[in-house]
Amino acid sequence: AQSVTQPDIHITVSEGASLELRCNYSYGATPYLFWYVQSPGQGLQLLLKYFSGDTLVQGIKGFEAEFKRSQSSFNLRKPSVHWSDAAEYFCAVGPKTGAQKLVFGQGTRLTINP
Amino acid sequence: EAQVTQNPRYLITVTGKKLTVTCSQNMNHEYMSWYRQDPGLGLRQIYYSMNVEVTDKGDVPEGYKVSRKEKRNFPLILESPSPNQTSLYFCASAPGVGLIGLAGQETQYFGPGTRLLVL
Numbered sequence: 001a002q003s004v005t006q007p008d009i010h011i012t013v014s015e016g017a018s019l020e021l022r023c024n025y026s027y028g029a030t031p032y033l034f035w036y037v038q039s040p041g042q043g044l045q046l047l048l049k050y051f052s053g054d055t056l057v058q059g060i061k062g063f064e065a066e067f068k069r070s071q072s073s074f075n076l077r078k079p080s081v082h083w084s085d086a087a088e089y090f091c092a093v094g095p096k097t098g099a100q101k102l103v104f105g106q107g108t109r110l111t112i113n114p
Numbered sequence: 001e002a003q004v005t006q007n008p009r010y011l012i013t014v015t016g017k018k019l020t021v022t023c024s025q026n027m028n029h030e031y032m033s034w035y036r037q038d039p040g041l042g043l044r045q046i047y048y049s050m051n052v053e054v055t056d057k058g059d060v061p062e063g064y065k066v067s068r069k070e071k072r073n074f075p076l077i078l079e080s081p082s083p084n085q086t087s088l089y090f091c092a093s094a095p096g097v098g099l100i101g102l103a104g105q106e107t108q109y110f111g112p113g114t115r116l117l118v119l
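Sequence order for the protein chains is U and D. Here our numbering is used: the first residue of the first sequence is 1, the next is one more, and so on. Here our numbering is used: the first residue of the second sequence is 1, the next is one more, and so on.
The reader is advised that the hints may include incorrect statements.
Okay, the calculated bits of chain U under chain D, using three or more residues with CB under 8 Å as the criterion [claimed, not checked]:
#1 55-63
#2 72-78
Which residues of chain D face chain U? A few of them, derived with a C-beta cut under 10 Å, are [claimed, not checked]:
#3 V4
#4 P39
#5 G40
#6 Q45
#7 G58
#8 E62
#9 G63
#10 A92
#11 F110
#12 P112
Since the hints were derived computationally from the structure, they do not count as laboratory data. Even for Gly, the Cβ is constructed at its ideal location relative to N, Cα and C.
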């Protein structure tokens, strides 16, 4: 069965510290991979995506993610977080062909300490 | 401005009273989808549509209906809402259907969400 696991429900980091949010997936084949961010009271905004090629992808707001096929992981990173990064982050996977059925992880809530 | 809109944004209703949540996109996207978001469960797909008059069930379709009579609109219908349908609902759209060679087409754009409370 297809599934996405975000092991950390809630993470707290200090402003200026580095950040890594974990995402592991179980899928029949290498899927397309996404990270979305949801700010309080807002919809989901795409941070970055991986389709093929370079396994380190750059996104908006200074985020990057690295696809590791051997570990079935797609962890999100940022070298130095800002207070405005406080939000909920969702990892998602989707098929390379056929219907665009995204499977989401449970989400990781990020709190930033001043 | 390219966007996905949903109405209403907030809704309180009672068990059994039929309701419709509208979703509209102005990007001429073929694909549209409905998700519900519940704490600890992330987003789960309710229904999706790959084009006009083409709809299919997602992971949690029970208690919901959809229709796709026009490309831009994809309403979500709750014929007889129940308290377990209290949730945050998101509509999404995407340009294509994930065909190889159309990298970038697969990105889904989300609406602002509709928070529903069923008493």
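Status of the hints after comparison with the structure:
no., hint, verdict
1, 55-63, "violated (count 0)"
2, 72-78, "violated (count 0)"
3, V4, "8 Å, holds"
4, P39, "9 Å, holds"
5, G40, "6 Å, holds"
6, Q45, "6 Å, holds"
7, G58, "7 Å, holds"
8, E62, "17 Å, violated"
9, G63, "19 Å, violated"
10, A92, "8 Å, holds"
11, F110, "4 Å, holds"
12, P112, "5 Å, holds"
The structure is inconsistent with the numbered hints 1, 2, 8, 9, although it conforms to all the rest.
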